[in-house]
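Chains as they are written, first to last, in the working numbering: chain A, 1 to 661; chain B, 662 to 793; chain C, 794 to 949; chain D, 950 to 1298; chain E, 1299 to 1628.
Simulated from the structure, these hints should not be mistaken for laboratory data. Yeah, the Cβ is synthetic: ideal placement off N, Cα and C, and Gly gets one too. Treat the hints with care, since some could be wrong.
Stated by the list, open to error - No more than 30 Å apart at the CA atoms, straight line, and that leaves these computed lysine-lysine pairs for DSS-like:
1. B:LYS682 x A:LYS526
2. E:LYS1373 x D:LYS1185
3. A:LYS199 x A:LYS439
4. A:LYS340 x A:LYS171
5. A:LYS571 x A:LYS141
6. A:LYS171 x A:LYS400
7. B:LYS674 x C:LYS932
8. E:LYS1364 x D:LYS1290
9. D:LYS971 x D:LYS954
10. A:LYS614 x E:LYS1364
11. A:LYS106 x D:LYS1216
12. D:LYS1216 x A:LYS29
13. A:LYS650 x C:LYS941
Stated by the list, open to error - Covered stretches of chain A, going by a simulated chain E footprint (3 or more residues, C-beta under 8 Å):
14. 573 to 587
15. 632 to 643
What the hints assert, rightly or not - Calculated from the model, a selection of chain D residues having no Cβ within reach of chain A, i.e. all distances over 10 Å:
16. LEU960
17. GLY1120
18. ASP1261
19. LYS1287
Listed below, chain by chain, are the residues.
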Amino acid sequence: MHKIGVFVCWCGSNIAATVDIDRVVAEAKVQPGVVFAKDYQYMCSEAGQNIIKDAIKEYGLTGIVVCSCSPRMHEATFRKAASQAGLNPFMVEIANIREHCSWIHKDKEEGTEKACVLMRAAVAKVTLNTPLKAGESKVVKRALVIGGGIAGIQTALDIADAGFPVDIVEKNATIGGRMAQLDKTFPTLDCSSCILTPKMVEAKSNENIRLITYAEVEEVSGFVGSFKAKIRKKARYVKEDVCTGCGVCMSKCPSKKGLNEFNMGLNNRPAIYIPFAQAIPNVAVIDSTQCIKLNTGKCGLCEKVCTAKAIDYTQQDEFIEEEYGAIVMATGFRPIDASKFDEYSYSTCKDVVTSLELERIMNAAGPTGGVLLRPSDGKHPHSIVFIQCVGSRDVSGRGKPYCSKICCMYTAKHAMLIRDKYPDVEVHVFYIDVRTPGKNFDEFYRRAAEQYDVDYIKGQVGKVWEEDGHLVVRGVDLIANEQIILNTDMVVLATAIEPDPTARKVANMLTASIDTNDFITEAHPKLRPVESPTAGIFLSGVCQGPKDIPETVSQAGAAASKVIGLLCKDKLTTNPCVAHSDELLCNGCSCCEKVCPYGAISYDTHLINDHGVKETRRVALVNEALCQGCGACTVVCPSGAMDLKGFSNKQIMAEVEAICL
Amino acid sequence: MHQTEKETAELIKQISGSDVKKCMKCGKCSATCPAYGEMKFHPHQFVTMVAHGKVDELLRDGTVTRCLSCFACVERCPRGVEPANVVAAIRVLAEREQGGSNFVPDEVPALIAADNEIPQQALVSAFRRYRK
Amino acid sequence: MSVNDTVDTAVNAAAKEWKPKIVAFCCNWCSYAGADLAGSSRLSYPADVKIIRVPCSCRVNPMFILKAFERGADGVILCGCHPGDCHYSTGNYYTRRRMTLLFSMLDYIGVERERTRVEWVSAAEGARFSKVMNDFVAKIHELGENVKVGDLRCKQ
Amino acid sequence: MSLKKIALTELDRFFSAIALKKKIYLPVEKAGQYDYAPWEPGITYHPEVLHTVKSAKSVFFPQSEDLVRYKRSGLSLAITEVPPEDEEFVVFGVHACDVKGFEVLDRVFLSDPVDTFYKARREHGTVVSVMCPQPEETCFCETFGIDAENPGADVQARICEGTLYMEALTGKGEALLEELGGIVAETNEGKDSEAYAKAAEEHKKIMEKLPLAGLTTDGFGAEADLLTLFNRPEWKELSSSCLGCGTCTYVCPTCQCYDIREYNTGKDIRRFRVWDSCMYSDFTMMAHGSPRPDQLQRFRQRFMHKLKYYPDNYEGAFSCVGCGRCLQKCPVSMNIVKVMKTLGGADHE
Amino acid sequence: MQAISAKIIERAKELMREGTVTKVAGWKAGEFFYDAEPNIFETAESLDGLVYNRFCAANLSKYMIKNSAFESAGKVLVILKPCDTYSFNQLLTEHRIDREKVYIIGAGCEGMCDIDRVRALGFKGITGIDEKGDGKTLVVHTLYGDGEVNIDDVLVNKCEFCKGKAHKIFDELISDNEDEGPRGDRFEGVRALEAMSPEERFAFWQGELSKCIRCNACRNACPACSCRKCVFDNAASGVASKANTDSFEEKMFHIIRAFHVAGRCTDCGECTRVCPQGIPLHLFNRKYIKDIDEFYGTYTAGEEAGQRGPLITFTQEDREPNSVSDKGGN
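In isolation and in its complexed conformation, chain A is listed as follows:
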């Protein structure tokens, strides 16, 4: 005999404003099996939870329905409350009358009616729920961080500090990422390298951290607590443990045509190189596309000059297979390709540069040694035009619909630094809006405009072209309501940022969901911002959305703390909503086995007693630790032997019936 309790939440006025709570409660009371129904302002509050717990005890409820917000929000809360009151947590169903009802329907009559239907469906389902017991699975006490930028480094350091081993997999030859390329950081203008390199060194020296650079994750299987990853460590043709990073090879290498990636291709580097002076590991790598020895078999100069005998032309890609309890995505970003915006002549005029290129030009370790020079002729520019929102907030398809968040601030930084160092240089900034939320951010921007006399022009640039050895910019000043033409020496494009292209591949591998812009989706935008909906996958840095360094670092720490929280556990309770095969109905046809993405189904032949008929049959068996509960197997099973706990055929059909009443 069912004894169902229904609890209707007002969610303050969120639900109560468009749903007549009293009617839902009254309607609930007459549902078959319902013995108790009550409403409360905030069911999720302690007082609300106590109402539930008390009712479970007092009425001996066998199942409860909470009509409230999305189950993605508070299902866990109410399950826990039920469990504390002695009711199996899987005897709880949520009727989502907020996100799916009160928030979208303005008409109270309509909202109330729908809320009643949703409640009815949940009651119909819960009467068919069965108590489920979660299984247990192991937790491998090791974490994997994909990406070795500031986000990945910070996450790894925090996890390592808590005593857990961490592997950082970085696709480039060194860790450091985008931050290593920056000259100064806003709004304090401190040197980027100066604050990043100690962290890089710390990552290298921390005994809990293993750096796997020049490597990519190839395959991931398993699930939270025990992922298995296969990592390809690309051949760098230099023995990592032998190379001393002396750099002699670099100076002797005769092939010097490779574009220097670290300097955004503004200058060249040898075929054997260390990406930058503070690279970690400070080990050379051979660019196999440029190396004469690897391409023709001749040369071998670097091998000759290397006193440490670190060169190995025969090196092959290696594979590392490791188990991890948790995986952090810190795959970062890249600027979008500015050449799509032909009006800015980026691909035709050398003096049109992106902000990241300017960053390298301004950097002491950059191609110009930190002196501001025009890329075309190496002359000192007298005027620079900055164009903001290049590809940001652009829904035309050429750019990105979102705000890249960091451009306003770095443009202010660049403008300020240039005016500070070279007061003779005129600086104009074309902007649409200047967005500066953040501690000391607006003050920073105003300083650029007021103290450094940067010319902020509200408007956009329509065209940039080259004329008589200088650039011409035609833009509009919307405040003055005039089209203006500026002669200038350099144009700097604040290009939008986008997730690193590897993010999509990695996300698919991890079955982490991804949004239309390829940013990884968080489990909840507010309450679980550093977790992916896929258990055991965490997000750090720009892979989740545009953010600046302080935000990245704090998110990295947050992700680390979530990982630590997970790794601290000895066992994980597994999702009990898994597939289950009724051996009396099973035909043993193997269809389910073939569609299972987790290899969770196997077969066994044994004696079965089918109501007195004893037969030896081949039947399916589900490994509950491997099953993730997708239900693909349930539909290919014609006899209905395969069903999903918590979402059984009958439960779903009961919901359908209740809805279509």
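Starting from the known structure of chain A, fit chains B, C, D and E onto it as the hints suggest.
Leaving out everything else, chains B, C, D and E in the frame of chain A:
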């Protein structure tokens, strides 16, 4: 048919199919416009004026006839607002309006004087379009 | 008033009163979250749509869809992660084949094709979710009440 | 007793006259097959059709019918009874085998406890039988003592030379013919008229030529030894082809088993009965399983019932009427004749 | 076929005597020429009752599930016609038959006849049928006189659209005919329906399906419908039903049945052949076969054992479900 200014603006939106609310006032259209200097009002202003329902002056003023229909603004607009389509819509309205001609025979001699090479075809088609 | 008038009035009244019953199956990871986002973004769609949460679109058995029609549903829509984005890697690919065949069969027996639909809606596409639902409900209104597939006993 | 007659070409008038007052069921064509259905204008009677797919029993004992309905309002349950048939109706064109089938069902449904739904239909229904047209090789009604030429029922009819001759055998039958008044003509030709008798004679001749004409019920019936028959080893081979479908049962004029089920419409719950088949694996399923878990047992059950259990219960009457439907429709051509031939005869007693 | 029949009996007796097999699945002569029933012969002597003629359409492969089950002792000989071998392979794919326990004699087939089609030509009281030597004509003896029919006019639907006369699996062949490839366009019926308006299609199916008496002959004869317990028989499944109490139930039953066998149906045609109401059930299955061929590439279930069916695989480029109505005639 007599219309209020707001109704005319609605009509322009309808004809152009342009969603003027999408404009984020960046000015890219005006920055791009090669006929900017010829105009009293500029592309970003057309859009704003239509959005605000203040279009009478726009219709009276000859600005829209200055538009070259080069569609640079449509091409460049990051929000897909399509200012040139707004212009086209205003032109259509002007054409529809009897007597609202923007091209009178008196202007012809001056035009020919200014540019001897002006094709006759251009003048004839201009009459067909703008004179009713 | 003639008999015909009475009938017409009754028909009109029924047409006015008729509210479509629409069942939406949404996968937990993408589309249900997309529906949540539509909710938190206050992007409305008709209340005729009632959502059933399933772990993955591949959990939806054709029997559920026929069951909905049996019980008098006027439209059934199935939403899942975009192909390639399935939380379970491959679930929606199977869904795609199954539903293609099921829909083809419904079409073959003469049931209006547009009563069933599959849409891929990600967790980030609240606006799309709302749009999809608005479109679908509009389509069902166009088609009118489902009289071809359904158990008459449920309609009495 | 005098006959009434009507030309076959006039049948429409005959049907519409009856239909004015009551429903009239007759074999109706639907996508190439015939089943009993109510007559409507436009439907023609096909006298040459020997068998409907489902027998005429479906009129008195429909494949499914509601027994009772409940409705829940709030937490209380209201029960609505489904009233038994209370309107008169006519069943037309029933052949001798199906008429005999009614008797088989009557013994079951009209004896204590009486099946009120069936009884009401029997009381309100007037059966007009017709001497069957050309019998098929699958016919063996004579085995069960059926007089194919005189099928019986309330009104007995025979077609000869384009005319339907009718003879009322019961009060109900008389009343029906009475009601029709001028629609059916009185005829001076009596039953002994030449044409009327000749039609029967010719029919009889064919009946004698039927390949199954000599089939007897020897070895079955009340006298046969139940256990011996039950334990005959031949059941195994006989049943080896059986697919366990319900075709034989559903086309049979005498099978009377039904299942009771419920259907929740969401608004009310309907308890209804539907034909069941002892050939089905879930027939008489109980909590512990099926009492006849093997198809052999289920197969045996059907034929034992027809040829032994029923005769034991009803004074030797068999519950087969030799219509031959199962011979024509069994997907694997297994049937009661093969069973009778294999297990019957004096040798095995 | 007389010659083959004699050879089959001889060979079956031989195999039984030498102990290779302990039972034989074949057809046993019935009352009339046309009503041989599938039978499991357990003695060599009883094999004299085995026949193989124009009316042995029944597909014996499904019987092999039970007869090769774990507890079933000995090896069974089964006679399979070319089309039956597809079903056999499909059952092997699904692990329903133990290949080790079955000995297959592939029997040549010239097309099977349908007694219902003979009757439909107006023959009543059929007491006997002879096949003429020309292999094209049947002589029908009836209570009301004799007549002849062209075999092509009375073929079983599956033989009218024969898939080909090659056996896909066998241990030995007894056949004297060659594979001539498929006969006719088996999708013509499906195409004709597709060309109709939705209303016409609906009316067509409404008419056909309303005859359904839910006797389950189609399901129980179907080698793909070999579930130990069908969802429609399982009270716990939520869709169990025993009879069509409403017009929806037969639709539900037939659509779900077609869906459950989609990609597994070998088009053996048994469903249509056995339907007592003459419902053209193959039009469901062939629709799915045609769809699968068009959408996912030609696939023949049972072509060989161990294939991966179209519903348990996918490609990333598969068509979208909403697009199914967009397709034209081709």
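Verification of the supplied hints:
As the CA atoms of LYS682 of chain B and LYS526 of chain A are separated by approximately 29 Å, the hinted pair is consistent with the 30 Å bound. As the CA atoms of LYS1373 of chain E and LYS1185 of chain D are separated by approximately 18 Å, the hinted pair is consistent with the 30 Å bound. Restraint check for LYS199 of chain A and LYS439 of chain A: the C-alpha separation of about 23 Å stays at or below 30 Å, so the hint holds. With a CA separation close to 26 Å, the supplied pair LYS340 of chain A and LYS171 of chain A stays within the 30 Å bound.
Under the criterion of a C-alpha separation no larger than 30 Å, the hint pairing LYS571 of chain A with LYS141 of chain A is consistent with the structure, at around 11 Å. At most 30 Å may separate the alpha-carbon atoms for a hinted pair to count; LYS171 of chain A and LYS400 of chain A meet this at roughly 25 Å. Restraint check: the Cα-Cα separation between LYS674 of chain B and LYS932 of chain C comes to about 26 Å, which is no more than 30 Å; the hinted pair holds. A distance of roughly 27 Å separates the Cα atoms of LYS1364 of chain E and LYS1290 of chain D; the hinted pair therefore holds under the 30 Å criterion.
About 21 Å separates the Cα atoms of LYS971 of chain D and LYS954 of chain D, which keeps this hinted pair within 30 Å; it holds. Simply put, LYS614 of chain A and LYS1364 of chain E have alpha-carbon atoms about 13 Å apart, close enough for the 30 Å limit, and the pair holds. Between LYS106 of chain A and LYS1216 of chain D, the direct Cα distance comes to roughly 29 Å. Compliance with the 30 Å bound is thereby established for this hinted pair. This hinted pair checks out: LYS1216 of chain D and LYS29 of chain A have alpha carbons roughly 17 Å apart, not beyond 30 Å.
For the given pair, LYS650 of chain A sits about 24 Å from LYS941 of chain C by alpha-carbon distance, which is consistent with the 30 Å threshold. Counting residues of the stretch 573 to 587 of chain A whose beta carbon lies closer than 8 Å to any beta carbon of chain E gives 4, which meets the minimum of three for the stated coverage. Coverage of the stretch 632 to 643 of chain A by chain E holds in this model, with 4 residues showing a Cβ closer than 8 Å to a Cβ of that chain against a need of three. Here LEU960 of chain D stays apart from chain A, with its beta-carbon at least about 46 Å from theirs, past the 10 Å limit.
Residue-level check passed: GLY1120 of chain D sits 50 Å from the nearest beta carbon of chain A, beyond 10 Å. Listed as outside the interface, ASP1261 of chain D is consistent with that label: its C-beta sits roughly 27 Å from the nearest C-beta of chain A, beyond the 10 Å cut-off. Distance check for LYS1287 of chain D against chain A: the nearest CB is about 27 Å away, which clears 10 Å, and the non-interface claim stands.
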